[in-house]
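Starting from the given sequences, assemble the full structure and let the hints guide the process.
Letter by letter, the chains look like this.
Protein chains: 4
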Amino acid sequence: MQESAPSDPRETAILLLSCKDTRGIVAEISHFIFTYDGNILHSDQHYDGETNTFFMRVEWDLVGFAIPRERIGAAFEPIALKFGMDWRLEFPSKRARIAILVSSFDHCLYELLIRNKSGELAAEIPLIIGNHATAEPIARYFEVPFHLYKLTKETKAEVEEQEIALLKESRIDLVVRARYMQILSPRFVSEFRNRIINIHHSFLPAFVGAKPYHQAHSRGVKIIGATSHYVTADLDQGPIIEQDVARITHRDSVEDLVVKGKNLEKLVLSRAVKLHLDHKVLVFGNKTVIFD
Amino acid sequence: MQESAPSDPRETAILLLSCKDTRGIVAEISHFIFTYDGNILHSDQHYDGETNTFFMRVEWDLVGFAIPRERIGAAFEPIALKFGMDWRLEFPSKRARIAILVSSFDHCLYELLIRNKSGELAAEIPLIIGNHATAEPIARYFEVPFHLYKLTKETKAEVEEQEIALLKESRIDLVVRARYMQILSPRFVSEFRNRIINIHHSFLPAFVGAKPYHQAHSRGVKIIGATSHYVTADLDQGPIIEQDVARITHRDSVEDLVVKGKNLEKLVLSRAVKLHLDHKVLVFGNKTVIFD
Amino acid sequence: MQESAPSDPRETAILLLSCKDTRGIVAEISHFIFTYDGNILHSDQHYDGETNTFFMRVEWDLVGFAIPRERIGAAFEPIALKFGMDWRLEFPSKRARIAILVSSFDHCLYELLIRNKSGELAAEIPLIIGNHATAEPIARYFEVPFHLYKLTKETKAEVEEQEIALLKESRIDLVVRARYMQILSPRFVSEFRNRIINIHHSFLPAFVGAKPYHQAHSRGVKIIGATSHYVTADLDQGPIIEQDVARITHRDSVEDLVVKGKNLEKLVLSRAVKLHLDHKVLVFGNKTVIFD
Amino acid sequence: MQESAPSDPRETAILLLSCKDTRGIVAEISHFIFTYDGNILHSDQHYDGETNTFFMRVEWDLVGFAIPRERIGAAFEPIALKFGMDWRLEFPSKRARIAILVSSFDHCLYELLIRNKSGELAAEIPLIIGNHATAEPIARYFEVPFHLYKLTKETKAEVEEQEIALLKESRIDLVVRARYMQILSPRFVSEFRNRIINIHHSFLPAFVGAKPYHQAHSRGVKIIGATSHYVTADLDQGPIIEQDVARITHRDSVEDLVVKGKNLEKLVLSRAVKLHLDHKVLVFGNKTVIFD
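Chains as they are written, first to last, in our numbering: chain G, 1 to 292; chain V, 1 to 292; chain D, 1 to 292; chain F, 1 to 292.
Rather than coming from a laboratory, the hints here were simulated on the basis of the structure.
Only a predicted model underlies this, so the values are computations on that prediction, with no experimental measurement involved.
Nothing false has been slipped in among the hints.
What follows is a set of in silico ranges between Cβ atoms, one per label pair, in the way DEER data are often shown: (1) F:L235 - D:S118: 36 to 42 Å; (2) V:G64 - D:S253: 18 to 24 Å; (3) V:M181 - F:R247: 28 to 34 Å; (4) D:T134 - V:K211: 39 to 45 Å; (5) V:G209 - F:P78: 45 to 51 Å; (6) D:V254 - V:E158: 48 to 54 Å; (7) G:P126 - V:K211: 57 to 63 Å; (8) F:R95 - D:G64: 42 to 48 Å.
In this text, a Cβ means the ideal position worked out from N, Cα and C, and glycines have one as well.
In structure tokens, the structure reads:
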């Protein structure tokens, strides 16, 4: 609820949480916000019957809110403890810092950079990491520092450590694999748990692994897909954020599938990144709850 | 939130409301439910900045709720008055009573009857009204009383009064125009405000009025659509509930469009009716808020 | 090409063929048709580069065609031999005879019967075979003889022989599995090669086998699908005719997926059957060429 | 049909034609190609019953074709005259020369330039014309000369003459309006008949004219669209090449529609341009035949 005219970007807080379900959670949270003169703008919840888990996303206006930003977490802590919540607090006015990993395909990279430049993503992109130099001119045009990390089977572990160090010292919030052709080690993945987004060029779980368009062509499917998911230690098995499909026919060669697929991949990846940046995704086991 | 294992159909209450936005609405409502030991299962809200209007749909478990069903409304009234709410209270366990209006096309009629029989709609259909006898055997097969009301320009006003009387004495909650080819008078519409659902065989507002498939064919569009909306006094102008589209090509004749369109119309109308029956639609001016 | 006004149903012939690609095939076929005063209405072709195979579908008007229907095949034979064609000749005016196999789910059965009754499929349905009695009243309403064949592991081989005998003596052209829950033996399949159409309730090759909606729910996909394919000895591996998808969210339970899936299955199966009946499908290895 | 392995880009010829329908057209054309040792790769046709018009697109391999490219037209002329054909001959190996018109929105411009750079469009883009300087850095990055033509109501006629002169001397085959915000005069349009492609940001014919996203928001539609069409003297009334849609909800503000719409517009425009460049579009009155 709100009283004043909307200003953009409005100063708001977003609370994302999950806990064992019981009575009074919504009442307690909305009472907390109301008590301190908060103005609930959006509120959404979900109940998973199989595991008796309650999920919630609530966003409120900070204009006139009685608790300063940096102390909201501490003030909320008693409620979180009472219900045993897994929770986090986000502030949309704080722009996320994204690192993009890329190989030689550039369609997803372009799409992310253009959408960010137009204000659609509203993130900061302080660096691009490539294992080929192909994307370097694109990075330069969009004025993003480009870091070339070539790697071989022998140097991979060492190079990854350098990448992790760079990502950390650059305070990266989200790593986006924009058709990056290197598998990340479990060590890398564990450093950015639920903060690495991948685009797989098939409708998962169909056609896991390599060359999905060849697999799709060989099977004779009538629709191809793309899947964006968080990266976990199990390849192509992470929680799915977004999927979409495109119709094909017997006339489409593998090359045609690649072109149609590219135009699908960049859409699906961009939507997944946008959902993540808008703090609309809660990971729950191997699935996601999308509050859109 | 809930504590006990789900029983189906669960006894729940659904509160739908809109009011001028201000602080504390969610807190007050959730406090009301919690105070009487209610268990919020779903809660969704929307804020319209243009008109500063707040919309909410909240559903809670009635098992263990301290107020008996018939007195919940009275108990909630003070809160409604305080915020100047436009509100209604629904009980999903009470099956809605639907009347279907039909002419000679039977595809939408079949779809509604089959979905209801399979339990997808979970409504009661105590009567079908036709201005042709075509649908009579279908009604008989599905064991729904069929009422034939032929009408001419001269008899229309009088016949409509008989229909309204029949609908009222049958305690009809929702009137569904399943490709019914007669325009309803403003008098009829006003008797069932926001309770008559129509299917228009085009992607409104494209191709209003008669013969939309002929219009679409003549214009050479590449996609056709269907639109389900509440009926208002202005033909084809009522609040839209659901729309969908199908791709066509230059090879499709008007007859092909009619066939493709029929298969679209029955889907779109069924989805709209289902949304209405699930109490997920709030009408707001000439638009709808769909809580799905 | 044509000179007279279209009459419906027009008397036409459809030639479907594939052969090793070489020069002059189109010229020879179109010359054959022109020589005998045939009027080409539709012509479509496809070339598969991987196997150097040529595919063609050509339909011409028989009004004024100099060769009587029953002798067209013999007249065309020399051309077929010259190019080593795999070919068949179809006459749309001859209505195909369909048998529907069904268990207890009735949504696909209803859809096929309603579309046929409305003239959309334009087939004859002389019989329905069920392994449950559930569908018997539906069959009676649509005036199609219903045959109940219950079967156990022990009686399956014997019962299938009875079914095959019935299908043959009823001169069945196409067998449609409308969510029939029994696997057909290789013997049965071989009797109706490329003439048994199945609907699988997933987006193949994702979620083969049993309980695909449970699998989809468990994997957390954002889109579900349905696949209609010809039945081969390998379960769920036959040539795909048609697929489609529907969007789902984390809110959808397995039961919701089942309902959304049912409304998808009946569409996809109906489209596949229609394509087959219109002689628009050519099977090629484990794939299909769809001339639409 | 073909004998040799495919080389890319293959040297082929494409014949596009329409004429009054009569017997023997396909036979005569395929005989013509066969006689001179041509190898038909693709052939598609369409018959419009309302106007008794026959349409055809046929593509054949020029390797081994007995007539040199520059004389094929003359050799075919007698057949064209015999049937009164409206026809053209295209050679895919000749890259089309595109001029892009742009204002300050750059999403469609980026998409076209990126798709062309990746080889998907395979055109030459010798110039971009802008009425704002916004796109100048983009043009420079993609190494395309940028021409700034500011215009006022008073100077419009004169400036357009300069633009037409530039387009002609640059031998431009296709003009693409990439969200160009100036209406072209009938004089300009007549110079490039069926060779100017526009993107309109609505599902035409819904929401013609200005601010379609505002119109869509105001009407409360559940789906928005984009339409790419050839430009004619009548604004938003030209032959439609391609359309597509995106689902929206009551939560989407006009600004959200603009963002969703932008991502739709660039797809639809790119597909339309690709269809045109592949010589798959035949304009027929106010409609198109799309041979895809």
